[in-house]
Structure formats: C-alpha cells, structure tokens
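Novice: Residues per chain, in single letters:
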Amino acid sequence: MGSETKEIVIISGKGGTGKTTFTAAFAVLAGKVVVADCDVDAADLHLLLNPKVLERHEFWSGHEAVIKEDLCSGCGVCQEFCRFKAIIQKNGKFVVDPFSCEGCGVCVRFCPENAIEFPERLCGEWMISQSRIGPMVHAKLLPTAENSGKLVAVVRKASQDLAKAHGIPLILVDGPPGIGCPVISSLTGAHAVVVIAEPTVSSEHDSERALNLARHFNIPAFFCVNKWDINPDGAERLEQMARNHGATILGRVSYNSAVVTALINGLTVFEMEGESFRLASREIKKVWNSLCEFIN
Amino acid sequence: MIIAVASGKGGTGKTTVAVNLAFVATPRPVQLLDCDVEEPNAHLFLGGQPAKKKEVSVMIPSVDEGKCSGCEECSNFCQFKALVVIGKTVLVFPELCHSCGGCRLVCPEQAITEVPRPIGVVETLQVRDDLTLIYGTLSIGVAMAPPLIREVKALASREVPLTIIDCPPGTSCPVVESVKGVDVILLVTEPTPFGLHDLTLAVDTIRTLGIPFGVVINKAGLNYSPLYDYLEKEKIPVLGEIPEDAAVAKAYAKGELPVYSVPGYRAKIEEIFRNLKAMVNGLEKM
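Protein chains in written order, with this note's numbering: chain A, 1 to 296; chain B, 297 to 582.
The set of hints was computed from the structure by calculation and includes no laboratory data. Virtual Cβ for every residue (Gly too), placed ideally from N, Cα, C. Fair warning: there could be bad hints in the mix.
[Said to hold, decoys possible] Label pairs and their in silico Cβ distance ranges: (1) A:S257 to B:N372: 53 to 59 Å; (2) B:K531 to A:C292: 45 to 51 Å; (3) B:N372 to A:G76: 24 to 30 Å.
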C-alpha cells in the first residue's frame with residue numbers, strides 16, 4: 001500500500017460483538033487518526049469519544065410524493081402505478097403513506113391532474129467534530145428515514161477530506177451491522193476490513209457472511225475473536241472458518257466486564273486504572289499491533 | 297396478534313427473546329418470521345424439517361438496443377441513478393434499482409422490458425406441529441433488504457393466531473418494513489450507555505410510526521440508572537427484566553434454547569408474555 005491515507009473498516013455482521021469498542025480502542029492506540037462513525041442508524045461512538053461538534057450539516061436525500069388534495073380528482077391512477085403500495089385511501093381520499101413511499105416519482109409523472117408534488121426529503125444530519133483523540137465525523141439518520149447508504153458515503157467523503165486537509169494517514173470506520181446497503185457503502189474502496197466476531201452460533205453464521213462480503217468487493221480481511229473464552233471450541237472453529245475465507249487472524253480478546261465499566265464512564269479501557277483494565281488493554285493492543293504489521 | 301421484537305442496537309437479545317417466546321406464547325400454533333434477512337439467526341436455534349424454499353427476485357430493466365434511440369428519458373426519470381445512457385448504450389446498475397418500473401413506462405420507444413434479478417431466498421421450517429419458522433436470506437452483495445422482507449411477510453399465513461417477527465437492528469427502512477402492520481412491538485434493550493442510546497432512537501422511530509410498544513431489559517443486573525430514569529420519564533412500560541446470567545450466554549453461544557436448559561428462564565419469558573398481553577388488552581379497552 002502506498003503513502004495515501006488508509007481507510008480501515010470495522011464490521012461484524014451480527015450486532016453487539018464489539019465493533020464500536022474496538023474502533024474507539026484502535027483510535028486511542030493509533031494516535032493520528034480520523035474516526036468515522038458509519039453506523040448512521042444507531043451511532044454510538046460519540047458516547048465513548050464525547051466529541052465537540054464543530055460543524056453540523058443537514059442531509060437531504062431523495063424525494064417524497066405528496067398529493068395535493070384540492071387538485072386530486074380521485075381517479076386512482078397513482079395507486080394503480082405505485083409498486084410500493086404507498087398510495088392509500090383515507091376517508092375516501094388518496095394520500096401517500098410516507099413510510100412506504102420510496103420516492104420513485106412514477107405517480108408524480110403519471111398523475112393526469114398534475115396533483116402530486118415531489119419535495120426533497122430531509123433524512124438526517126452529519127457532523128464534523130473534535131474528540132479527545134482527533135477529528136471525528138458522525139451522523140444521525142432521522143427516525144424511519146431512508147438512504148442510510150448515501151449518508152454513509154457522505155460521512156466517508158468528509159472523513160477523507162479531513163484526513164487530506166490535516167495530513168492524517170489513517171481513517172478508522174465504525175461500520176453498521178448486517179451486510180446490506182449501509183455496510184456495502186461503508187466498505188467499497190476501503191483498504192482493509194476488520195471483522196470482529198464472538199464465539200456464538202449467530203456470530204459464526206454472520207461473520208462468515210461479512211467475510212464473504214469483503215471478498216465480494218476484493219478487500220483484504222482481518223479477523224478477531226472477541227470474548228473468545230465464553231466458548232473456546234467456537235473460537236477455534238471461527239478462526240478456521242476465517243482462514244478458509246482468506247482472512248488474516250489478528251488474535252483473541254477475552255470476555256471482560258471491565259469493558260462495560262469503562263463504557264459507563266465514557267472511556268476506553270486504556271484510559272481507566274486497575275488490573276482488569278490493564279488486562280483488556282494488553283489484549284486489544286496485541287490485536288492492534290498485529291493489524292499494524294500488515295497494514296504498514 | 298402480530299408481535300415484533302426489535303431493538304435499535306444489535307446484540308441486545310432480540311433473537312433470543314423472539315425464539316424463546318415462540319415456544320411459550322399462546323394461542324398456538326405460532327409462526328415466527330425472521331425479518332433480519334441480512335443476518336438471519338433464528339433458524340440456528342431451531343431444528344425441524346425444511347418445508348419450502350423459494351428464490352426471490354426483483355424486477356430490473358433490460359434495454360433492447362435495437363429499439364433504443366438514446367433519448368435519455370429513462371435515465372432522466374430514474375431517481376436512483378440506476379440507468380446511465382452513454383451514446384446509444386444504456387448501462388443498468390441493478391444494485392441501485394428500486395424496481396419501480398418507471399423507466400419502462402417513460403420509454404417512448406418501448407425498448408425497456410423488466411427481467412428478474414435474484415436477491416435471496418425465503419425458507420420455511422416446520423419446527424414442531426405448533427411452530428413454523430419463515431426466514432429470508434439476502435444474497436451477498438445485494439444492497440436492498442426491504443423487498444426480501446416484504447416476501448417473508450407475504451408468505452406468512454393469515455390463519456395462524458399468533459405471529460412473532462424477529463426484526464433487524466437499526467431504525468431505517470428494513471426495520472420500518474419489518475414492523476409495518478404489527479399490533480405491538482417488544483423492544484429489547486440492555487443496561488449500558490449503548491443500549492440506552494439506541495433504545496431512545498428505536499423509541500423515536502416507533503413513536504413516529506404510531507405502534508404501541510413495551511420494553512424488555514435483557515442482561516439486567518448492572519445498576520445503570522440512566523436507563524431506568526429514561527423509561528420512567530418517558531412512561532414506557534417495562535414488560536420484564538431478564539437477569540444477566542452466564543448460563544444463558546453459554547446456551548446462546550452453543551445454539552441451545554434457555555427456555556429448556558436454564559432454570560427460571562421459562563418463567564421469565566412467560567411473565568413477559570403475560571405482561572405484553574395485558575398491555576395489549578388494556579390498549580384495546582381504551
């Protein structure tokens with residue numbers, strides 16, 4: 001890899017395996033880094049990094065059909081053409097169900113009375129912030145909003161611009177759960193993917209799909225088993241599976257309630273005092289060091 | 297009755313609660329729908345006979361180059377930038393297409409037809425005589441989950457008295473699609489800052505949709521008071537607390553069902569279900 005800024009995305013498939021905890025911990029260890037929270041549906045990284053918001057931007061994306069009652073003749077053409085069952089009848093009048101409308105514009109185009117307006121939709125906001133670790137870009141999708149993949153793309157673009165402007169060599173991306181649109185948007189074109197798994201049947205299933213997704217987009221994958229000691233046989237199976245998918249194993253981290261204690265204090269384990277925190281710190285640092293070996 | 301189990305944050309215990317509930321809830325038979333099609337997990341905890349498997353496709357445009365005049369009506373119309381015209385060639389980007397059919401309708405040359413594009417499968421598992429699971433699996437590389445979620449729900453029986461839906465995490469389109477038309481939502485949270493924060497997002501979403509809901513606190517025991525303060529302030533009914541228990545975590549890790557393997561767990565799930573029913577009955581009387 002060249003000298004350009006490197007973008008590393010942390011995903012898991014299944015939620016709750018430790019993505020955000022690892023992203024924050026890696027960021028503390030990296031030092032010079034831009035952090036991007038791409039879990040725009042349920043962003044949590046700010047709870048650990050407590051950033052000060054410097055810039056706030058509205059995120060407008062897509063459109064939404066709105067029937068103007070006074071112009072509507074009640075012909076029902078819109079309902080007939082809509083594939084999303086978004087045109088419903090309320091008290092004998094046709095209205096658009098905003099939760100079903102995908103903003104395709106078919107009804108707008110084919111309404112014989114031109115009675116359907118098509119305003120832009122406000123889907124959320126994104127922020128550039130300063131955290132105690134460094135610059136951070138994060139976002140908040142409005143409840144029930146669409147276009148999370150596009151918002152992810154906006155967050156990544158802003159992180160890349162920040163990294164370039166400040167000469168920062170690394171971007172750490174906290175990815176969303178799943179394998180669908182926001183995850184694909186988080187990892188396309190990235191330099192590496194780190195999959196955080198846990199030895200449960202669900203995570204065995206889901207982390208394999210996450211690795212398959214990385215392979216689908218030809219992105220080098222790294223693998224770490226979190227809470228490995230709750231099921232050592234499962235941890236062994238996970239690593240074998242990951243190797244079979246061409247991933248590089250970074251190491252294991254044991255189950256440690258100190259991580260949650262640190263979280264409740266809004267800190268990473270590196271910023272806490274005590275033996276249990278030191279143990280968690282040592283293990284995560286080992287994982288980070290092996291990742292650095294491969295990346296640099 | 298249709299109950300959705302959702303959470304906002306992933307990993308709080310949605311699937312565990314949904315699956316265990318499916319074994320104890322009444323009236324029976326029960327059908328369980330796994331709408332987390334990006335990462336379906338319920339089937340991992342359930343044995344049973346595979347009954348049906350259906351390939352699911354969405355319709356995407358196919359352009360007849362012989363008829364296409366390169367007028368760009370289709371690409372100008374498409375809100376999703378799924379068609380790009382270069383000279384007289386139309387490039388179709390299937391992963392961006394929402395299958396609205398608009399391009400076919402606006403093409404003045406009638407050069408566009410629609411062809412199926414496979415996005416995943418929906419499978420039915422007969423777990424027991426009184427329990428059916430229907431679950432969707434999105435293919436790797438496919439971006440849009442909602443069409444597959446719609447298919448899972450479309451295959452559900454209208455005759456079964458009780459349906460339980462295991463939802464995907466988050467607050468956007470896949471969740472909205474999953475909870476559409478349900479009678480009540482059971483939100484599973486955990487007493488941590490992440491659990492609380494994502495719960496508040498889920499509550500905002502559900503309130504926007506106007507669906508009744510109650511909360512289950514999973515992995516309880518951590519005395520994280522901000523969660524309890526929030527629930528009290530927002531007057532959100534707590535349907536039950538499931539204590540943090542290493543035995544449950546171990547059972548889950550191995551794909552076992554705690555209602556059968558962990559003492560006291562079944563009673564907890566039964567209590568949650570009773571409270572949920574009482575809440576729904578109370579709402580109906582209002």
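Novice: Look at each hint and say if it fits the structure.
Specialist: Structure-based check of each hint:
1. For the hinted restraint 53 to 59 Å between S257 (chain A) and N372 (chain B), the CB-CB distance of approximately 57 Å keeps it satisfied.
2. A hinted range of 45 to 51 Å for the beta carbons of K531 (chain B) and C292 (chain A) is consistent with their spacing of about 49 Å.
3. Taken as a hint, the range 24 to 30 Å holds for the pair N372 (chain B) and G76 (chain A), whose Cβ atoms sit roughly 26 Å apart.
Checked against the numbered hints above, the structure violates none of them.
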